[in-house]
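Same order as they appear, the protein sequences are chains A and B.
Quick note, the first sequence lines up with residues 3 to 375 if you use this note's numbering.
Quick note, the second sequence lines up with residues 3 to 375 if you use this note's numbering.
Careful, some of the hints might be misleading.
Intra- or inter-copy, both count: the list cannot distinguish identical chains.
Below are the SDA-like pairs computed for lysine to any residue, each with C-alpha atoms no more than 25 Å apart in a straight line [what the hints assert, rightly or not]:
#1 Lys296 with Tyr159
#2 Lys323 with Glu366
#3 Lys323 with Arg273
#4 Lys323 with Asn87
#5 Lys181 with Ile287
#6 Lys278 with Asp122
Since the hints were made in silico from the structure, they are not lab data.
Chain by chain, the residues run as shown.
Protein chains: 2
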Amino acid sequence: MKQLFSFDLQAVEGNARAGIFSTPHGSILTPTFAPVGTQAAVKGVTPAQLHEIKAQILLANTYHLYLRPGAEVIADMGGLHNFMNWDKPILTDSGGFQVFSLGEINDINDQGVTFQSHLDGSSHVFTPEKAVKIQEQLGADIIMCFDECPEPYDRSYNESALSRTHEWAKRCQEAHTRKDQALFGIVQGGIFPDLRVQSSQYIAELDFPGNAIGGLSVGEKKSEMLEIIEVVTKHLPENKPRYLMGVGTPLDIVQGVYRGIDLFDCVNPTRLARHKAAFTRYGRINISGKIYEKDPRPLVEDCSCYTCQNFSRSYIRHLVKSKEMLAPILLSIHNLHILIDLTSELRSALMSGTFGEFTKTYFENAQLNGCSL
Amino acid sequence: MKQLFSFDLQAVEGNARAGIFSTPHGSILTPTFAPVGTQAAVKGVTPAQLHEIKAQILLANTYHLYLRPGAEVIADMGGLHNFMNWDKPILTDSGGFQVFSLGEINDINDQGVTFQSHLDGSSHVFTPEKAVKIQEQLGADIIMCFDECPEPYDRSYNESALSRTHEWAKRCQEAHTRKDQALFGIVQGGIFPDLRVQSSQYIAELDFPGNAIGGLSVGEKKSEMLEIIEVVTKHLPENKPRYLMGVGTPLDIVQGVYRGIDLFDCVNPTRLARHKAAFTRYGRINISGKIYEKDPRPLVEDCSCYTCQNFSRSYIRHLVKSKEMLAPILLSIHNLHILIDLTSELRSALMSGTFGEFTKTYFENAQLNGCSL
Numbered sequence: 003m004k005q006l007f008s009f010d011l012q013a014v015e016g017n018a019r020a021g022i023f024s025t026p027h028g029s030i031l032t033p034t035f036a037p038v039g040t041q042a043a044v045k046g047v048t049p050a051q052l053h054e055i056k057a058q059i060l061l062a063n064t065y066h067l068y069l070r071p072g073a074e075v076i077a078d079m080g081g082l083h084n085f086m087n088w089d090k091p092i093l094t095d096s097g098g099f100q101v102f103s104l105g106e107i108n109d110i111n112d113q114g115v116t117f118q119s120h121l122d123g124s125s126h127v128f129t130p131e132k133a134v135k136i137q138e139q140l141g142a143d144i145i146m147c148f149d150e151c152p153e154p155y156d157r158s159y160n161e162s163a164l165s166r167t168h169e170w171a172k173r174c175q176e177a178h179t180r181k182d183q184a185l186f187g188i189v190q191g192g193i194f195p196d197l198r199v200q201s202s203q204y205i206a207e208l209d210f211p212g213n214a215i216g217g218l219s220v221g222e223k224k225s226e227m228l229e230i231i232e233v234v235t236k237h238l239p240e241n242k243p244r245y246l247m248g249v250g251t252p253l254d255i256v257q258g259v260y261r262g263i264d265l266f267d268c269v270n271p272t273r274l275a276r277h278k279a280a281f282t283r284y285g286r287i288n289i290s291g292k293i294y295e296k297d298p299r300p301l302v303e304d305c306s307c308y309t310c311q312n313f314s315r316s317y318i319r320h321l322v323k324s325k326e327m328l329a330p331i332l333l334s335i336h337n338l339h340i341l342i343d344l345t346s347e348l349r350s351a352l353m354s355g356t357f358g359e360f361t362k363t364y365f366e367n368a369q370l371n372g373c374s375l
Numbered sequence: 003m004k005q006l007f008s009f010d011l012q013a014v015e016g017n018a019r020a021g022i023f024s025t026p027h028g029s030i031l032t033p034t035f036a037p038v039g040t041q042a043a044v045k046g047v048t049p050a051q052l053h054e055i056k057a058q059i060l061l062a063n064t065y066h067l068y069l070r071p072g073a074e075v076i077a078d079m080g081g082l083h084n085f086m087n088w089d090k091p092i093l094t095d096s097g098g099f100q101v102f103s104l105g106e107i108n109d110i111n112d113q114g115v116t117f118q119s120h121l122d123g124s125s126h127v128f129t130p131e132k133a134v135k136i137q138e139q140l141g142a143d144i145i146m147c148f149d150e151c152p153e154p155y156d157r158s159y160n161e162s163a164l165s166r167t168h169e170w171a172k173r174c175q176e177a178h179t180r181k182d183q184a185l186f187g188i189v190q191g192g193i194f195p196d197l198r199v200q201s202s203q204y205i206a207e208l209d210f211p212g213n214a215i216g217g218l219s220v221g222e223k224k225s226e227m228l229e230i231i232e233v234v235t236k237h238l239p240e241n242k243p244r245y246l247m248g249v250g251t252p253l254d255i256v257q258g259v260y261r262g263i264d265l266f267d268c269v270n271p272t273r274l275a276r277h278k279a280a281f282t283r284y285g286r287i288n289i290s291g292k293i294y295e296k297d298p299r300p301l302v303e304d305c306s307c308y309t310c311q312n313f314s315r316s317y318i319r320h321l322v323k324s325k326e327m328l329a330p331i332l333l334s335i336h337n338l339h340i341l342i343d344l345t346s347e348l349r350s351a352l353m354s355g356t357f358g359e360f361t362k363t364y365f366e367n368a369q370l371n372g373c374s375l
């Protein structure tokens with residue numbers, strides 16, 4: 003019988019890798035970036051436009067979809083792929099992060115979390131078993147373990163949360179029944195390298211078909227984030243995909259791939275788009291500036307996205323100033339394209355054995371563009 | 003020398019006509035509906051999506067674009083076509099209607115109108131000459147005379163406004179210099195048939211390359227609107243396109259074409275889309291209703307638009323309830339498609355000599371669907 007999931011490395015240079023992750027809804031060429039469709043929709047971007055910018059996988063969120071429209075509605079409509087009209091791979095986050103960041107927590111114990119909905123204050127309980135069950139109803143290709151997400155600098159909270167997260171990972175694995183879904187483990191441990199090592203080893207041992215790094219890009223220093231990525235990837239199996247959760251700026255993606263990450267997701271590209279920001283290859287510009295009033299150039303000169311191929315900075319600035327819906331739409335298309343295109347360039351460099359040169363030039367240009375590395 | 007503008011009738015049945023209006027940016031097959039891009043953008047819909055729903059011509063607004071970003075900015079960026087990336091015909095409304103409905107009027111006299119911007123309260127003067135000059139800077143293919151838009155039931159105001167509107171039409175014609183733009187006249191006169199006859203005859207005499215009916219669909223009864231359309235079309239030249247301003251429901255479009263209208267525009271399709279409403283072929287449904295929670299059908303069963311080909315009522319209801327930007331986007335695409343597709347069906351019926359049957363069936367179905375004719 004053909005394996006429903008497999009991960010094959012195609013090229014490796016240093017810690018960086020190019021691979022293929024096969025799923026029941028097609029293969030994902032890594033490294034890549036996954037646009038986030040929290041509520042089963044990437045804000046302002048249609049599936050047709052997502053295909054055009056070569057999105058290979060989308061993210062959706064268990065917490066949000068459980069609350070609205072409800073997992074049962076989506077299951078009855080044939081599952082997430084059918085519901086949101088996306089026939090390529092989908093990943094659902096477990097809702098752990100959202101329960102801790104959006105809901106009002108009433109109680110956390112080893113059994114699970116009792117929280118109030120941010121929508122209507124209604125009370126709900128998430129356990130590892132329930133998070134898995136909801137994700138089975140939603141039907142994504144990749145689903146995530148339910149974890150506790152503590153504040154990254156609180157050592158004692160991270161210690162206690164970590165053993166709970168590990169226990170929960172085991173329970174998620176036991177609860178998971180659908181063979182057409184891959185359950186990924188999540189490494190936690192805040193900014194503490196020793197906790198991260200411990201967590202990586204524990205999660206690696208559970209032998210998930212893929213592993214994620216959670217709890218980063220939540221306020222820690224860049225140098226801390228990069229150190230943790232290095233520590234963790236060293237202890238995660240090479241032959242399984244590695245997913246860095248919630249990371250999504252051009253520079254962070256290059257830094258992540260450089261350290262052995264295969265998959266990224268982040269709300270940044272679409273959220274920044276709603277706040278007038280356009281990604282460049284290295285950082286970003288605020289397009290509402292008066293200097294762009296009569297600027298006939300595209301957002302990024304050599305960008306091949308629909309937005310840059312067809313519209314000027316002058317026009318996009320006008321849309322932003324006029325609060326036209328087309329502003330976040332065109333900026334989202336551009337921002338998502340920039341990240342996806344960058345991962346695809348990184349992949350090409352790996353496949354052609356030029357990753358070292360590519361990243362050297364990239365980091366030099368990033369510094370010239372004012373980024374601190 | 004080839005004429006830059008021409009209108010050829012291809013089929014006539016009763017008062018209804020199918021034609022071709024040629025412009026420097028291509029031909030418009032009539033009857034048709036023009037999506038409105040008030041601020042040089044159709045709200046939530048990209049030009050690529052507008053091409054997909056077969057939009058032949060877009061509308062933009064002189065009042066709005068004069069205030070922001072300014073006609074000079076658009077002229078410097080190569081004109082409206084280049085600015086908004088729309089290479090097919092564009093029509094700019096003169097701003098008359100907006101000055102009277104949005105601005106705070108400080109003074110109206112025969113010379114022009116002094117008003118305050120709805121954006122920042124700054125004071126501006128529009129005269130017929132200035133409205134034409136701005137429209138020449140914007141560079142649309144079809145531009146409109148500057149007119150006064152009185153309340154439809156006020157007889158004495160309509161009488162005085164009408165003579166001013168007529169005087170202004172003449173001045174617009176004299177002020178207009180660009181040969182690659184067609185200036186259309188506008189018939190006014192409120193709900194008063196005798197004023198409308200007088201206005202039609204006056205405007206017809208000025209021999210514009212096209213004529214519009216203004217001041218309808220502004221609160222009068224349907225029967226009054228239809229009567230005025232009948233009265234006016236009778237007195238407008240047959241060999242010039244007739245444009246019914248601001249009208250845009252499925253039923254009104256069929257009624258308009260039936261009475262000899264060639265071109266329509268309205269903010270309805272996109273505005274209703276932002277208020278949860280989806281057009282059917284006859285009326286509309288509010289998609290936020292609980293009955294649609296698990297409805298797997300498309301908005302309209304036999305609709306060929308992107309939205310109906312790919313998404314269920316259940317999904318669109320979810321987007322609406324979740325306040326996702328994708329809701330107005332998908333509803334706008336659908337609503338615009340419904341109107342444009344309907345005009346194209348009306349045209350096909352005219353070309354094949356089946357317009358009588360087509361409209362008979364349509365009006366019967368409309369009544370079965372609860373519309374009062």
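Taking the hints in turn, this is what the structure says about them:
Taking CA atoms no more than 25 Å apart as the test, lysine 296 paired with tyrosine 159 passes in neither setting, with 53 Å inside one copy and 42 Å between copies. Taking the shortest alpha-carbon separations for lysine 323 and glutamate 366, neither the intra-copy value of 34 Å nor the inter-copy value of 47 Å comes in at or below 25 Å. Taking the closest pair of Cα atoms, lysine 323 and arginine 273 come within 25 Å of each other both inside a single copy (17 Å) and across two copies (20 Å). Proximity of lysine 323 to asparagine 87 under the C-alpha cut-off of 25 Å is restricted to the inter-copy arrangement: shortest distance 18 Å between copies versus 32 Å within a copy.
Taking the shortest alpha-carbon separations for lysine 181 and isoleucine 287, neither the intra-copy value of 44 Å nor the inter-copy value of 41 Å comes in at or below 25 Å. Within a single copy, lysine 278 and aspartate 122 get their C-alpha atoms only as close as 30 Å, which misses the 25 Å cut-off; across copies the closest is 21 Å, which meets it.
Of the numbered hints given earlier, the model fails hints 1, 2 and 5; all others are met.
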